[in-house]
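Generate coordinates for the entire structure from the input sequences, incorporating the hints supplied.
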Amino acid sequence: MSRAAVDTAGLSGLSGLSGLSGLAGLGMVIAFLVFAGCGAKTMQYSGSLDTPEAEYAKALSLLESGAHDEAEASLRRTMRLDDGFAPAYVGMSRLLLERGDVKEAIRYVHMARIRDVDYVPCWLMAARLYDAAGQYEAAVAEFREAITRDKDRLWAVESYFDLGQTLEKLERLEEAHDAYMEVITLDPLHLEARSSVTRIWKTLGPEFLMRIRYENRDIILP
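Residue 84 in the numbering used here sits at position 54 of the sequence shown, and the numbers go up by one each step.
Think of the hints as simulated: they come from the structure by calculation, not from any bench. Just so you know, not all the hints are guaranteed correct.
[Unchecked claim] Dumping the calculated SDA-like pairs for lysine to any residue here, alpha-carbon to alpha-carbon at most 25 Å: (1) 232 - 247; (2) 181 - 217; (3) 232 - 181; (4) 232 - 245; (5) 232 - 243; (6) 181 - 145; (7) 181 - 164; (8) 88 - 134.
Quick look at the structure:
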C-alpha cells in the first residue's frame, strides 16, 4: 500500500469515530496524554517571543495545569500566528478530547495532518482517539504508523509504550512484550515498561521465558 493510501485510509477511518461523542468518562481515559517536544520540520525556533512556538509552549503549560479556557485561547492565538502550525491543532484535539468533544477532536486531527502529515503526534493523537473509543486494532495501526514516520525517534518511547498497552488490551501479550522491550532499550530506567515486562513474563510462564532467551529477545532486568 502506498504512503498516500495509508494517509487517506487513516483520515477516512477517523471519521467513523464521530458518533462516539457520548462516550462516558472519556476525559479520564486520555488524561495521560502528553505531547512534549516537536519535530524539527514543524518547530523552528525564533528569538522573538511573539512566535507560534512560544505561544504553543505557553498553551501546553496551561493545558497541563488544567486551565482549559486559557489554553484554548493560547492555542487559537498560535493558529492566528501561523495557520499551518500542526502542533497547535494536535494540542486543540487533545484539549477537546479532555472535554469529551470527540467529534471536534477528530476534526482537529484531520486539520493537523493536512498541515503536516509527517508530524508524528498527529498519528499518536489519532491512535489515542481510537484507543479511547475501544477500536484497538485501528489504534495499533496508527501507533505503528507513528513509529514508522518517527525517523529521528523523538517520540519512540511513548509510541512503543502506548502500543504495548493497547496490545495488552487485545491480549496479544507477546507483541506487547516486544513493544515494552523496545521502550527499555531506548530508556532502560522506564519503570512502567519494566513492570509491564515482568508482569507479562509471569503471565506467559517459563516456556515463554525459555523461548525468548533462546531467540535472544530478552533483557535481564535487575
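Going down the list of hints, with the structure as the test:
1. With a C-alpha separation of about 16 Å, the suggested pairing of residue 232 with residue 247 holds against the 25 Å cut-off.
2. About 17 Å separates the Cα atoms of residue 181 and residue 217, which keeps this hinted pair within 25 Å; it holds.
3. Note on residue 232 and residue 181: the hinted pairing is violated, with a Cα-Cα distance of about 34 Å set against a maximum of 25 Å.
4. Between residue 232 and residue 245 the alpha-carbon distance is near 18 Å, which keeps this suggested pair within the 25 Å criterion.
5. A distance of roughly 15 Å separates the Cα atoms of residue 232 and residue 243; the hinted pair therefore holds under the 25 Å criterion.
6. For the given pair, residue 181 sits about 19 Å from residue 145 by alpha-carbon distance, which is consistent with the 25 Å threshold.
7. With a C-alpha separation of about 28 Å, the suggested pairing of residue 181 with residue 164 is violated against the 25 Å cut-off.
8. Proximity of residue 88 to residue 134 is assessed by CA-CA distance (about 22 Å); at most 25 Å being required, the pair is judged to hold.
In this structure, the earlier hints numbered 3, 7 are contradicted, and the remaining ones agree with it.
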